[in-house]
Amino acid sequence: MARTIHLQSGEVERAVVVEETGGGFVVRVGEHVFAIAARGGEGGRLDLEVDGRRLRAYAVRQGAQTQVALDGETWRLERTDPRRRRTGRAEASGSLQAAMPGRVLDVLVAPGAAVTRGDTLVLLEAMKMELRIQAPADGQVARVLVTPGAVVERGQVLVELE
Amino acid sequence: MARTIHLQSGEVERAVVVEETGGGFVVRVGEHVFAIAARGGEGGRLDLEVDGRRLRAYAVRQGAQTQVALDGETWRLERTDPRRRRTGRAEASGSLQAAMPGRVLDVLVAPGAAVTRGDTLVLLEAMKMELRIQAPADGQVARVLVTPGAVVERGQVLVELE
Amino acid sequence: MFRKILIANRGEIAVRIIRACQEMGIATVAVYSDADAGALHVALADEAVRIGPPPPRDSYLCADCILEAARARGCDAIHPGYGFLAENADFADAVTAAGLTFIGPSGAAMRVMGSKTSARAAMQAAGVPVVPGYQASQTDADLVAAAGELGYPVLVKATAGGGGKGMRVVADPGDLPAALASARREAANAFGDDRIYLEKRILHPHHIEFQVFGDAHGNAVHLFERECSVQRRHQKIVEESPSPLLDDALRRRMGEAAVAAVKAVGYTNAGTLEFLVEGLSGAIDGMLSFYFLEMNTRLQVEHPVTEAVTGIDLVKLQIRVAAGEPIPFTQADIRQRGHAIECRIYAEDPANGFLPAIGSVLAAVEPVGPGVRVDAGVTSGDTVTLHYDPMIAKLIVLGEGRADAIGKMLWALRHYVILGDVVTNIPFLRDVLAHPRFAAGDTTTDFVDECFAAWQPAAFTPPDLAFAVAALAEVLSAGSGVAASDLDATGDPTSPWQQANSFRMGTGAR
Amino acid sequence: MFRKILIANRGEIAVRIIRACQEMGIATVAVYSDADAGALHVALADEAVRIGPPPPRDSYLCADCILEAARARGCDAIHPGYGFLAENADFADAVTAAGLTFIGPSGAAMRVMGSKTSARAAMQAAGVPVVPGYQASQTDADLVAAAGELGYPVLVKATAGGGGKGMRVVADPGDLPAALASARREAANAFGDDRIYLEKRILHPHHIEFQVFGDAHGNAVHLFERECSVQRRHQKIVEESPSPLLDDALRRRMGEAAVAAVKAVGYTNAGTLEFLVEGLSGAIDGMLSFYFLEMNTRLQVEHPVTEAVTGIDLVKLQIRVAAGEPIPFTQADIRQRGHAIECRIYAEDPANGFLPAIGSVLAAVEPVGPGVRVDAGVTSGDTVTLHYDPMIAKLIVLGEGRADAIGKMLWALRHYVILGDVVTNIPFLRDVLAHPRFAAGDTTTDFVDECFAAWQPAAFTPPDLAFAVAALAEVLSAGSGVAASDLDATGDPTSPWQQANSFRMGTGAR
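Residue numbers (our numbering), protein chains in the order written: chain A, 1 to 162; chain B, 163 to 324; chain C, 325 to 834; chain D, 835 to 1344.
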């Protein structure tokens, strides 16, 4: 019995076919075919034998994401549903997001203001550090979406430039 | 809501009443009342606060047995059903059991033989070691329950004396 | 000896101190903010007291809250760890005034050696060159004038500081006022003290520090140096001992200067003298120059490398010396042996300006084995929050020599698994350790900026095998009989795997 | 240097060797019997080869199977570990004849020093006193006559042996024939060699051994002693370095004797010279006498205590020396620093004659931290089977001195959690470490028999709190939404706990 899992990392998307055999699995990733024997352990541990080579990997799932630790590297893979095609990213170019969760210390610009590359637009405080959110290019402030004192999440849009 | 758990260790049997409160539990063991806050972790870990003292305990269940590691000691507790009273142990006095799993190398006595305290009755091999099963007292062999070459489990009766 | 010690700290250093107390048979009381109710240091202590909400100024920096907890729980001493109140002389005095022992130097010694001005004066009196600097006034006008005299670039530093907090490099006079304002805010937030200090920037130096110890009986020793030049954002990330830069002669001169300074001010307990040493490019006739930078009047984050090469437990020694015992060895008894390296494992993204990348830790598997030590404050199931320093753990190795230690550290970094929301600097640290300049010991403080300014991981696209493993994980999880529902950070992400035990290695496959 | 090493062993020592190879960048091939298909050493190696069914003679003692695996996988060296084929000279020769490197002494040196007769002769030639013994003939009649000459009690030992396997103490001449037969069977089973050796029993001795090393360039050093007197059933359970018995003068004499013997026979790679030293009661004019007992021509189980106090990695050194490199230090470079203790954690019941008490390990939580090392071959979810030695792990600590090391070991034993079918000797070891005679260093080889003959755990009845915790565990498990079905050893006994995360510490309780 074979099962196909769709996984995505960045712009790379792969349909992975997993087939159970007598002693293990045959896994196809594109033209690459792996013969894998697997044994699960604590904490997401997977003791694998892949084409004769032993590997200790770890895999944990969080939402639609599976994180895999392999040979000292960590990879984040999103499970996707091929029937629901994504319609492109929602990020507007020119929007400035919080790179980490924190608190807004100060907003130094107002909508309509002209800004030069490198100007500080917002001061964030997080982890006892002060972070400056600077203009990546010359432009004009379209919208300011936060106020001083606000707590922001990672990825939250702070300011939109145009 | 209180729940009563019956636990036994050796000849000691206790009805333990566990009551959930706002922040934790009140647990009654006889006249001893414990106020316990608990947080579970990996591998059976329990981080406890018992009457103001922090403790890291571990508990795992295996069949009807719960094993508890507490303050460097390991305890084995059996969950019992008070509706089904036990009718006493099945061990006949005078029976000699295998103290560990192994293989019978030799049986040195036959039914009816008179034996003296310290006589070797059975030779067991296990863990690359040879173990002698010796008569604990003078007596006569009632039954021999194993033959050379047999594989025996821990607790299996090998010879009965009378 | 003390019966019960309160640890006025959190994270790995609180765990480290609890551990030393346990081995010595001393009871421990942890304190915690609401953010840390489930933290490791709270679980491991004998008792724990909530002291306030998450912001440090309301909890770990609240001297009164901590003193009250110590009194209520009948403690006879307080260990401050590092950071927070560790270098707050008023707190040290308050602890003493409350009839408890502060495990550290006296408030008076802290004021002399903790202040950059008086420490520099003491060192100059001992004949040690110091880095030119200015701290006479706190007005912007005076500071701007002083910066002009020192010459740009200047460093703006928090007087009470450490760990790069509040530090700014200013190359252009026009940027100084803004830097002062920003540094003051950060310093006030981190240390409860907004005073600022200006320092001339020495180009391409090594940052080398000496661990010192004094006791109440007039004894003082040094425990050799730590090389701490590998820094990002002015904060150390890799430390080692011995320093590959020092020769025996310079090591002896610096050690003697360190001990002389400790003796001159009657300093007790653990301290660290930080020096800048001009790299080989700055050597005159083959002689390297060193400058006293500042003294840290507390245990350092990187103390384990000294413990590894000297075989001395610095936390136990702190406790014994605070209890009035003499240092149980002489300078001649102390030798460096082998080579130790520490890497600080942070929840941060080295490819994104080393910004903290915090959140849950779903699985943390620490490397173990001969010569490997992990001082962790975070374990599987914990969360790294925005309230505190995002350090997850310190990874320390002891090898026979430097090459062996580097090999062991590379092994350990490759076997340190941390999965979850957090992004860690482990791949970055691996690239640092593998860099030819690191191998050559040529690690000036600008090494990271110069060689890793635009660092990115070696690959963005996972290898095909990672796709295969993730898919296999999905299949095994579904096959375990557990509903293939997604698991959130508060649930148990690992149990499907444990139930997959029945998928054992096929033995007939080879 | 080698590219790929086959490890002809299992358990913790195979894991230990794989680890050294990984740090050195050498690929590893594990071998395993059917009983070990899921074992840790198999998971950690780069490749693994099944060599046979569980009985050792069909797998780990099958020289041909192992050589075939090494050839098939393209290995250039074989590390034998300890036990199994490690002291089999024919195997060493066969490895060499196959064009591979045997990581250990030559077969010829093994025959000289591995045989008790010729080793004793070599030592006598070097001026070292030996324990009286007999090995000239294997007939019962000759052995009975020899025992009469030596005087009872005599020790019956396996010529090829070690670890107490095959050893019998015979006090009564009438018991000798039965003891010979039984020892022969056990020796044949454990070592594939049923030859027997008789030795006079020295009363109340210390068992002290010296680690030695020789290389192909004529260098030989010792790495100081290990005190191994704490034994049960003639097998070491606690080892330490330095020995509390030796003074510097005796240490020097014994070390010089050890090095002289190694040089005399041109011995290469790691070896251990075992001595009996008469305790203080046997001292003449304050001088202690020592007798050569035998040489083990391989790595010892207890090698980590030497690594801890000398800072030298013995496995890496074995590999380097086998590859033809010279020993990279001289005798003068080697110093003992601190105090190391090793406890062997066995799946055995000390209250029941130390009989193995094997089965599943449901949870194993190893102590970690500064100065603590665990060399384990068994982890959570594994099973200790009847086929092999029931050692679960070695627990090693390094302290500043002996008292500090004892405190650290007691801490570590208290924090080593092993739950499952297995019964461990941890409570017994704790009582041994806490005994006044151990504290005094008065640990003759009969210490355990004399002081712990009728050992029982301090309490049989669990404290009320243990009942409370078990009941609470039951309630939390039921409350997790998981059916409260019983969990078997192959399932996941821990997941209910992980799902109980929502039961967090109540912060309003104090």
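If you're looking for bench data, these hints aren't it; they were derived computationally from the structure.
Cβ atoms here follow ideal geometry from the backbone N, Cα and C, with glycine treated the same way.
Take the hints with a grain of salt, since some may be wrong.
Said to hold, decoys possible - Computed far set for chain B versus chain C, every beta-carbon distance over 10 Å:
id, residue
1, R201
2, G203
3, E204
4, D209
5, Q227
6, T236
7, L270
8, P273
9, L293
10, T309
11, A312
12, V314
As the list claims (entries may be wrong) - Here are the simulated SDA-like pairs of lysine to any residue, each with C-alpha atoms no more than 25 Å apart in a straight line:
id, chain 1, residue 1, chain 2, residue 2
13, D, K1034, D, A979
14, C, K328, C, A387
15, C, K328, B, M163
16, C, K328, B, Q170
17, C, K328, D, K838
18, C, K328, D, A1268
19, C, K328, D, L1244
20, D, K838, C, Q655
21, D, K838, C, D728
22, D, K838, A, G72
23, C, K328, B, D209
24, C, K328, D, I1240
25, D, K838, C, E724
26, C, K524, D, L1244
27, C, K328, B, R305
28, C, K328, B, V212
29, C, K587, D, P1201
30, C, K328, D, D1255
31, D, K838, A, V50
32, D, K838, A, P136
33, C, K328, D, A979
34, D, K838, A, D51
35, C, K587, C, P691
36, D, K838, C, L734
37, C, K328, D, G1241
38, D, K838, C, A387
39, C, K587, D, R945
40, C, K328, B, G234
Results for each hint:
1. R201: Label violated. Min Cβ-Cβ 6 Å, cutoff 10 Å.
2. G203: Non-interface label fails for G203/B: nearest chain C Cβ at 6 Å, not farther than 10 Å.
3. E204: Non-interface label fails for E204/B: nearest chain C Cβ at 6 Å, not farther than 10 Å.
4. D209: violated (4 Å)
5. Q227: holds (19 Å)
6. T236: Given that every Cβ of chain C is farther than 10 Å from that of T236/B, nearest at about 19 Å, it holds.
7. L270: holds (39 Å)
8. P273: The assertion about P273/B holds, with a minimum of 43 Å to chain C.
9. L293: Answer for L293/B: holds, closest chain C Cβ roughly 31 Å.
10. T309: The assertion about T309/B holds, with a minimum of 32 Å to chain C.
11. A312: holds (27 Å)
12. V314: V314/B clear of chain C: closest Cβ-Cβ about 27 Å, beyond 10 Å.
13. K1034/D - A979/D: The given pair, whose Cα atoms are some 13 Å apart, holds under the 25 Å limit.
14. K328/C - A387/C: The given pair, whose Cα atoms are some 18 Å apart, holds under the 25 Å limit.
15. K328/C - M163/B: violated (38 Å)
16. K328/C - Q170/B: violated (36 Å)
17. K328/C - K838/D: violated (53 Å)
18. K328/C - A1268/D: Satisfied, since the Cα-Cα distance of roughly 23 Å is no more than 25 Å.
19. K328/C - L1244/D: This hinted pair holds, its Cα atoms lying about 19 Å apart.
20. K838/D - Q655/C: Not OK: K838/D and Q655/C at ~45 Å, beyond 25 Å, violated.
21. K838/D - D728/C: holds (19 Å)
22. K838/D - G72/A: holds (21 Å)
23. K328/C - D209/B: Holds, at about 21 Å.
24. K328/C - I1240/D: Holds. K328/C to I1240/D sits at ~21 Å (cutoff 25 Å).
25. K838/D - E724/C: Holds, because 23 Å separates the two Cα atoms, which is no more than 25 Å.
26. K524/C - L1244/D: violated (52 Å)
27. K328/C - R305/B: With Cα atoms ~62 Å apart, K328/C and R305/B exceed 25 Å; violated.
28. K328/C - V212/B: holds (18 Å)
29. K587/C - P1201/D: Roughly 39 Å separates the two Cα atoms, so the pair is violated.
30. K328/C - D1255/D: violated (38 Å)
31. K838/D - V50/A: holds (18 Å)
32. K838/D - P136/A: violated (52 Å)
33. K328/C - A979/D: violated (66 Å)
34. K838/D - D51/A: Within the cut-off at roughly 18 Å; holds.
35. K587/C - P691/C: violated (40 Å)
36. K838/D - L734/C: holds (19 Å)
37. K328/C - G1241/D: Satisfied, since the Cα-Cα distance of roughly 18 Å is no more than 25 Å.
38. K838/D - A387/C: violated (59 Å)
39. K587/C - R945/D: violated (61 Å)
40. K328/C - G234/B: The hint holds at about 21 Å.
In summary, the structure is inconsistent with hints 1, 2, 3, 4, 15, 16, 17, 20, 26, 27, 29, 30, 32, 33, 35, 38 and 39 from the numbered list given earlier, while agreeing with the others.
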